[in-house]
Amino acid sequence: DAGVIQSPRHEVTEMGQEVTLRCKPISGHDYLFWYRQTMMRGLELLIYFNNNVPIDDSGMPEDRFSAKMPNASFSTLKIQPSEPRDSAVYFCASRTGPYNEQFFGPGTRLTVL
Amino acid sequence: AQSVAQPEDQVNVAEGNPLTVKCTYSVSGNPYLFWYVQYPNRGLQFLLKYITGDNLVKGSYGFEAEFNKSQTSFHLKKPSALVSDSALYFCAATSGGSYIPTFGRGTSLIVHP
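Chains as they are written, first to last, in the numbering used here: chain A, 18 to 130; chain B, 197 to 309.
A portion of the hints provided could be inaccurate.
Partial selection, computed: residues in chain A whose CB lies under 10 Å from chain B [what the hints assert, rightly or not]: (1) G20; (2) V21; (3) E28; (4) Y48; (5) G59; (6) N69; (7) F82; (8) K85; (9) F91; (10) S104; (11) Y116; (12) Q119; (13) F121; (14) G122; (15) P123; (16) V129.
Computed far set for chain A versus chain B, every beta-carbon distance over 10 Å [unchecked claim]: (17) E35; (18) P71; (19) R102.
Cβ pair distances, simulated, as ranges [to be verified]: (20) B:E262 to A:E35: 43 to 49 Å; (21) A:M32 to B:N264: 47 to 53 Å; (22) B:D205 to A:G76: 22 to 28 Å; (23) B:N237 to A:V70: 42 to 48 Å; (24) A:D80 to B:V279: 42 to 48 Å; (25) A:Q97 to B:V279: 19 to 25 Å.
Simulated from the structure, these hints should not be mistaken for laboratory data.
Ideal Cβ positions, reconstructed from N, Cα and C, are used throughout, including at glycine.
Work out the full structure, taking the sequences as your base and the hints as a guide.
Below is the structure:
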């Protein structure tokens, strides 16, 4: 298995633009997580899905952030409009079952100018 | 509420010496505990986990961790450090009441030649 796949790996955009981050979880995993990592705030959970259904989005910072999981093999995290403070590394992770380890993707480094 | 503390932002150790990275946790009920490692510009990688059973858990790359229920600790250890072990290490915890692990802030391990 190729592991969790994220695209793009790097994204540079200007303030106000829409940004879409993509994730393909490991086949057979029923949980998918979106995290954000910054030096100041560390690793933050934004939202997680179970069987493609969003369960907890309390970590999504504002209405500018939205996430979807249309099927078991694809998820997106969208920021519209983007702001400089959204600059961070965004990770997608997946796992099987409620108490097993998570498998993280390589991350998307987002820079908003 | 769950919490994880990694009291040291940075640990320095000489190559060949034993290393310990500390972690304490607070959860309701029986804990599920994890260690992850993050190399520069990479996603987090699973190292080992404690679910139940032996208090000493062995994981990848020669790492092990000791679960201590009375001290609510789950310290990561390795008998002989390598320069290549230099990375950021995260402890995570959850319990039967939650499906979502709480991560510590991370500890930067630096192994000097």
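*May I ask which of the numbered hints given earlier this structure violates, with the numbers listed in increasing order?*
Hint check: 3, 6, 7, 8, 9, 10, 16, 23 and 25 fail, others pass.
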